[in-house]
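> Chain by chain, the residues:
There are 2 protein chains.
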Amino acid sequence: MREENIRALLMRREYPALKVVLNSMNNVDLASLLENFTEKEYTILFRLIQKEKAAEVFTEMSSPMQETLINAFTRSEIKELFDDMYMDDTVDIIEEMPANVVEQILDVTDRETRQIINRLLKYPEDSAGSIMTVEYVDLKKNMTVEQALKKIKRVGIDQETIYTCYVIEQKRLLGIVTAKSLLLNESNVLIKDIMETNLIYVNTHEDKENVSKLFHKYGLLAIPVVDFEHCMVGIVTFDDAMEVWQDEVEEDMSIMAAMQPNEESYFGTSVISHAKHRILWLLFLMLSATITGAIITKYENAFQTLPLLVSFIPMLMDTGGNCGSQSSTLIIRGIAVDEIRFHDLFKVIFKEFRVAVLVGFVLAAVNGLRIMLIYHSLRMAVLIGLSLIATIILAKIVGCCLPLLAKKIGLDPAIMAAPLITTLVDTCSILIYFNIATHLFSL
Amino acid sequence: MREENIRALLMRREYPALKVVLNSMNNVDLASLLENFTEKEYTILFRLIQKEKAAEVFTEMSSPMQETLINAFTRSEIKELFDDMYMDDTVDIIEEMPANVVEQILDVTDRETRQIINRLLKYPEDSAGSIMTVEYVDLKKNMTVEQALKKIKRVGIDQETIYTCYVIEQKRLLGIVTAKSLLLNESNVLIKDIMETNLIYVNTHEDKENVSKLFHKYGLLAIPVVDFEHCMVGIVTFDDAMEVWQDEVEEDMSIMAAMQPNEESYFGTSVISHAKHRILWLLFLMLSATITGAIITKYENAFQTLPLLVSFIPMLMDTGGNCGSQSSTLIIRGIAVDEIRFHDLFKVIFKEFRVAVLVGFVLAAVNGLRIMLIYHSLRMAVLIGLSLIATIILAKIVGCCLPLLAKKIGLDPAIMAAPLITTLVDTCSILIYFNIATHLFSL
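These protein sequences, in sequence, are chains V and Z. Residue numbering for the first sequence follows our numbering, starting at 1 and increasing by one per position. Residue numbering for the second sequence follows our numbering, starting at 1 and increasing by one per position.
Quick caveat, the hints were computed from the structure, so don't treat them as lab data. Where a beta carbon is used, it is the ideal one built from N, C-alpha and C, also for glycine. Hints should not be assumed to be uniformly reliable.
[As the list claims (entries may be wrong)] Below, computed lysine to aspartate or glutamate pairings styled on EDC-like, alpha-carbon distance capped at 20 Å: (1) Z:Lys347 <-> V:Glu264; (2) Z:Lys213 <-> V:Glu264; (3) V:Lys407 <-> V:Glu209; (4) Z:Lys407 <-> Z:Asp344; (5) V:Lys217 <-> Z:Glu160; (6) Z:Lys51 <-> Z:Asp29; (7) Z:Lys151 <-> V:Glu146; (8) V:Lys217 <-> Z:Asp239; (9) Z:Lys180 <-> V:Glu209; (10) V:Lys347 <-> Z:Glu264; (11) V:Lys217 <-> Z:Asp344.
[Said to hold, decoys possible] Derived contacts from chain V toward chain Z, CB cut-off under 8 Å, selection only: (12) Met253; (13) Ile255; (14) Pro261; (15) Gly368; (16) Asp426.
Input sequences plus hints: build the corresponding full structure.
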């Protein structure tokens with residue numbers, strides 16, 4: 001409805017009315033609404049957004065749209081836009097843009113800003129440095145609350161957050177003061193008396209995933225970042241940390257479903273690219289599964305004598321896969337949220353073993369009953385029962401060990417999820433099954 | 001190290017020194033450290049924490065520990081503790097405690113608080129009302145910034161957040177004012193001139209999952225909650241929203257791995273309870289897989305004539321399962337982050353179909369080559385190739401449709417993940433495979 005309203009106003013060129021509508025909208029909603037218009041239309045619309053709001057809407061847009069806009073803008077328009085932008089957002093945008101657009105952006109920034117941008121661009125891709133901003137409020141320990149509030153009033157408009165201020169002495173971080181304590185304390189209280197000195201901070205090269213975990217664990221709004229000389233160089237704010245966390249979850253889920261992770265959205269990814277992200281793992285798993293096939297071939301005589309044997313293969317394979325996937329998923333999540341570490345290996349194995357025995361016996365009993373009722377064969381019931389129990393124990397132990405081992409040797413535990421575990425467990429369970437079968441039925 | 005230090009001090013009963021150590025620690029760290037002590041020890045230690053800090057540490061503890069402490073406390077200690085606690089935390093604790101402990105807590109709260117607690121307890125389990133707090137700063141539109149800051153100084157200490165204040169008139173929410181704009185504006189500016197009136201708010205009965213999505217989408221710190229008469233009744237703060245979001249991810253992952261979701265931690269769940277959460281789905285999937293077995297039995301003659309047929313079953317089943325799981329994972333995530341909706345069904349099917357054709361041909365070609373090299377049988381290569389392509393197309397289409405259909409009929413899309421898709425696709429792919437085989441080899 002709002003979109004149609006805007007379309008109508010745009011067609012009638014009622015720019016003053018459009019200005020009112022656009023500027024009253026939420027930045028996030030406005031950015032996503034503009035995506036529905038043509039290049040020509042959204043360039044006109046974007047120019048109607050008031051200056052201070054424009055930078056925030058711009059950072060919420062998709063990269064292709066940002067690129068089009070920058071290319072459509074005059075030098076002074078670009079300057080205006082980026083002057084109002086937070087440093088970390090500028091760096092994020094620069095990272096996504098082609099060289100000629102980056103040139104246009106750097107061309108309009110002053111020397112000092114350019115230096116900071118270049119420094120920020122140099123941090124390793126997944127580091128705290130790569131997601132931090134250098135804009136924060138710094139205070140001195142001998143300031144009073146009143147002086148601190150005055151300083152915030154003077155510099156605050158350019159800072160991404162003013163809710164946590166940093167007490168700095170000779171570039172070192174001494175403590176933090178929250179806006180809450182500034183607001184609740186009397187104006188003559190000294191900063192050093194209300195600052196929190198029990199600090200949580202990270203190094204510029206800390207993995208950004210660990211940074212986002214700290215936000216969760218401690219419920220932070222911002223975290224200070226220090227360099228190797230322990231000088232304060234910036235902060236990571238919670239919106240960026242949340243984004244990292246969301247990306248990690250998406251990445252884990254992709255890997256767990258045997259896909260290479262992809263930062264683009266589902267519809268934003270082309271068919272070719274979707275296929276590329278999926279095919280390597282499928283090929284690898286398909287070829288691994290032929291090993292199971294080769295094992296089956298060895299027992300040709302067995303199932304030619306007793307063809308019924310073949311019909312239990314899917315049930316055994318699926319159950320093994322499902323049991324393994326349950327265990328590996330729990331362990332992968334446990335590792336991700338820092339509950340489970342490598343030194344818990346034996347504790348985890350023991351726990352999974354007991355769960356497997358319980359689950360195995362119940363499943364074996366139900367299936368045994370089913371087989372007795374349908375095939376009236378106790379031997380068959382025993383065969384399937386034993387195979388099920390062995391498969392389930394194996395699946396649960398493989399499923400809990402592999403993610404922990406992967407973590408230990410520096411791999412992502414998420415690759416040890418359902419698909420790989422299933423393939424591994426398949427091979428073993430088929431071996432177990434036919435071995436028990438040949439003995440029980442003297443094949 | 002810190003733990004040992006505390007143990008040593010505790011043994012020597014050096015309480016003043018202990019006090020200093022404990023009170024200088026971060027609340028979250030302190031709560032998790034206390035878990036390592038015995039009941040008797042942590043009861044002593046907890047009493048050494050200063051009053052204002054104690055409530056915050058308490059809210060970070062596990063439920064069994066909270067229960068032990070409440071049972072060990074005197075009435076006045078309980079009162080002191082809960083007087084300092086935010087209302088939403090109190091409600092969270094009450095929800096986890098047995099009746100006798102709840103009585104002890106309600107016994108020490110005043111009538112007004114008890115009424116609020118009872119009201120909060122009545123909201124549906126997954127609603128915004130169940131995670132909101134009623135403690136927020138409310139302002140009037142004709143106040144000046146100075147008056148607003150004075151009010152915050154007066155009431156702020158008891159509010160969970162003071163960074164977003166709410167402008168209320170006759171119980172209705174008129175607008176919000178951030179602490180940032182209060183700090184950056186001159187003291188004589190009127191609230192109504194700086195308040196944001198383009199509001200994002202939720203109803204008390206809104207699903208808490210949707211509430212947490214709004215935090216993500218708009219980068220909020222708090223969101224106001226209104227009742228059916230549009231009167232403001234509370235706020236949800238970002239720490240609670242993040243917790244909901246994390247729980248949702250855990251829940252989705254559990255369901256996707258064929259487990260009933262479990263709010264407890266991995267080690268915090270008993271073996272029996274682990275088994276209970278896993279066994280129902282395993283039984284259901286195991287019994288479903290027997291259908292595939294029954295189909296295989298029908299083609300006994302085929303594989304007795306050509307036993308090699310059996311050896312390709314695992315490869316076909318695994319590939320089908322993996323392809324289906326890739327698609328369903330992408331769609332389940334797409335639904336979770338609101339990118340994919342039911343009306344995209346045909347768009348999604350068309351996309352997955354094209355991906356499937358691409359992937360199918362590559363996999364069929366690689367496998368065909370392998371079969372030609374090993375078995376020198378063009379017919380076998382064609383059989384496996386066609387079966388693979390058909391299975392992959394089927395798997396991807398089933399994998400993308402079912403989560404969307406589940407969502408449409410009000411089920412959790414996550415149940416349509418790898419395990420169920422695999423079982424379904426297995427049955428179909430075995431049918432396809434043996435049908436093509438009997439035709440190609442005239443069996």
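> If a hint holds in the structure, say so; if it doesn't, say that too.
Hint check:
no.	hint	verdict
1	Z:Lys347 <-> V:Glu264	17 Å, holds
2	Z:Lys213 <-> V:Glu264	19 Å, holds
3	V:Lys407 <-> V:Glu209	14 Å, holds
4	Z:Lys407 <-> Z:Asp344	12 Å, holds
5	V:Lys217 <-> Z:Glu160	18 Å, holds
6	Z:Lys51 <-> Z:Asp29	17 Å, holds
7	Z:Lys151 <-> V:Glu146	17 Å, holds
8	V:Lys217 <-> Z:Asp239	10 Å, holds
9	Z:Lys180 <-> V:Glu209	28 Å, violated
10	V:Lys347 <-> Z:Glu264	17 Å, holds
11	V:Lys217 <-> Z:Asp344	37 Å, violated
12	Met253	6 Å, holds
13	Ile255	10 Å, violated
14	Pro261	11 Å, violated
15	Gly368	12 Å, violated
16	Asp426	6 Å, holds
Of the numbered hints stated above, those contradicted by the structure are hints 9, 11, 13, 14, 15, listed in ascending order.
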